[in-house]
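Novice: Assemble chain W onto chain H, guided by the hints.
One line per chain: the protein sequences are H and W, in this order.
So the number in this note's numbering is just where the residue sits in the first sequence, counting from 1, plus 8.
So the number in this note's numbering is just where the residue sits in the second sequence, counting from 1, plus 9.
The hints are simulated quantities; they were obtained by calculation from the structure and are not laboratory data.
Wrong hints could be hidden among the right ones.
[To be verified] Pair by pair, the computed Cβ-Cβ distance ranges are:
hint, chain 1, residue 1, chain 2, residue 2, range
1, W, Ala37, H, Glu70, 52 to 58 Å
2, H, Ser150, W, Val14, 28 to 34 Å
3, W, Asp52, H, Asp367, 53 to 59 Å
4, H, Pro244, W, Glu83, 19 to 25 Å
5, W, Lys11, H, Thr95, 50 to 56 Å
6, H, Cys40, W, Gly68, 18 to 24 Å
7, W, Glu83, H, Thr267, 34 to 40 Å
8, W, Gly68, H, Asp99, 33 to 39 Å
9, H, Glu208, W, Thr99, 36 to 42 Å
10, H, Glu338, W, Thr47, 31 to 37 Å
11, W, His94, H, Arg147, 55 to 61 Å
Please read all numbers here as calculations on a predicted model, not as lab measurements.
By construction, the Cβ of each residue, glycine as well, lies at the ideal position given by its N, Cα and C atoms.
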Amino acid sequence: MRREFTGYRRESGRIGVRNHVAVLPTSVASSCVARGVAAEAGAWARATPHQMGASQPDAAREQTERVLVGVGRNPNVGAALVVEFGTEDIDVDDIADRIARGGTPVETLSVREVGGTAAAFQRGRTALDSLNEAAADARRESADASELVVGVECGGSDATSGIAANPAVGDACDRLVAADGTASFSETPEFIGAEHVLAERCADEETRRRLLDRVERREATADLMGVDLRGAQPSPGNQEGGLTTIEEKSLGAISKGGTTPVRGIVDYAERLPVGGGLVLMDTPGYDVESVVGKVAGGAQVIVFTTGRGSTTGNPVAPVVKVTGNPRTWERMRANMDVNAGAVVEGDATIAEAGERVFDEVLAVADGKRTGAETRRMEEFAITEVHPRELAEVRGA
Amino acid sequence: MKGRVLDGAALVLADGDSVATALGDLDAGREVRDGDRTVTLADDVPFGHKFALEPLSAGETVRKYGEVIGRATEAVAAGEWVHTHNCESTRGRGDVAATEAER
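Just chain H, same shape as in the assembly (with noise of 0.2 Å):
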């Protein structure tokens, strides 16, 4: 099995996979600068818009700042330009000195402080030239699988995700782990009805308590709402693909992430461990945001199952796909990476099926373009903290 790829060595000793300068906006009132900016400068910029950062309640606005400066830290990112309106409560030289002092180049921009849009576009432009020239300093040297964090996806769930996609990138994740790498699954409303038995896989009382703990909270959070969860999980969608309960979603869900013990779970956006084994992140079921929330963990790649078929990417992480349904592979092909379907048609077992995937993540790693990369598919959105998860919070 191969274990090798090559990527970009970075100051704090992690390798990237990508040599991207990030573009990242504060809040939403500097996302279309951010978006502008970054599209004029070319395919090595890349921008993350988003809705969040406008007058948030503390912990939701700390939860913005740990994603931009995760997004920013993260080792495929070459350099990165952190751009404000000049109106947000978030300081924008706090986001770009956090990000330094993971030795990434950062430059600043303020578009009202510049003068408005023209201005900023000029002086965005001529920032983001001169971080890509830094960042272009960097060449690719060998790295080990051990180096990879590799973030698990799922999102369009059908019947088929359960038997032949997730499963066999849980076979992956038991490869990975077994070469020492990380591989983290979230979205733990997709925990419910499956977390005793990811609960006898902790390794330790303390993982197993805070894992059963989060899965309560966002059950909790249906029940403080007043809403019945069949609504939304599983989605209309996965219920047309024949999913009918969340738990049935959920036991097929949790197959993603192999069968290795569970080392620990994190935070929204919180650093993932290098080499740490098997680790949860506690995500909404949002496929977007919990994305972006595992890449700014500091996931390099995200392997993403489907049975109904996504097309979603990241801005700066590849985005693998891999679909256990023979006919969204036909009829998709183009947006897919890996075909898991000859393992619902008995062509392959799930342990060959799993090596494909193992073997992608490290052609990818090494520079192969992903469906989704070749198209630009590159969402990006930040969780919101509920006001009732606040009050809770607060314990009132």
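Specialist: The following block gives chain W in isolation, referenced to the frame of chain H:
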């Protein structure tokens, strides 16, 4: 594939499961053999959907992956399509909690 394939048509993920997953679009009337027993499909069962391998009474738990995935909301005969019309989740029911709180 994990589990046991029945006649190349359906998949039982673990022993003791009360439902099987269709591996193709299956028509009503089709017979699916599972060891000594034969289940005749009472409904059309689309690809990825489930049918009962044994009769279920109302309120009885439904098992897949060797685990509980919900409960039957009405009596279900062997061979019937099992989905949201006759099987429901027991988790994340804020609606039930809200109704109980009003009482």
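Novice: If a hint holds in the structure, say so; if it doesn't, say that too.
Specialist: Taking the hints in turn, this is what the structure says about them:
At roughly 56 Å, the beta-carbon separation of Ala37 of chain W and Glu70 of chain H lies within the given 52 to 58 Å, and the hint holds. Roughly 43 Å separates the CB atoms of Ser150 of chain H and Val14 of chain W, a value that falls outside the hinted 28 to 34 Å. Roughly 41 Å separates the CB atoms of Asp52 of chain W and Asp367 of chain H, a value that falls outside the hinted 53 to 59 Å. At roughly 22 Å, the beta carbons of Pro244 of chain H and Glu83 of chain W sit within the given window of 19 to 25 Å.
The supplied range of 50 to 56 Å is met by Lys11 of chain W and Thr95 of chain H, whose beta-carbon atoms lie about 54 Å from each other. Distance hint for Cys40 of chain H and Gly68 of chain W: a CB-CB separation of about 55 Å, inconsistent with the stated range 18 to 24 Å. Distance hint check: the CB atoms of Glu83 of chain W and Thr267 of chain H are about 36 Å apart, consistent with the given range 34 to 40 Å. Separation of Gly68 of chain W from Asp99 of chain H is about 57 Å and departs from the stated range, judged on CB atoms against 33 to 39 Å.
Range check, Glu208 of chain H to Thr99 of chain W: about 20 Å between beta-carbon atoms, so the 36 to 42 Å window is missed. Roughly 33 Å separates the CB atoms of Glu338 of chain H and Thr47 of chain W, a value that falls within the hinted 31 to 37 Å. Checked against the hint of 55 to 61 Å, the C-beta distance between His94 of chain W and Arg147 of chain H comes to roughly 60 Å, which is consistent with it.
In summary, the numbered hints that this structure violates are 2, 3, 6, 8 and 9.
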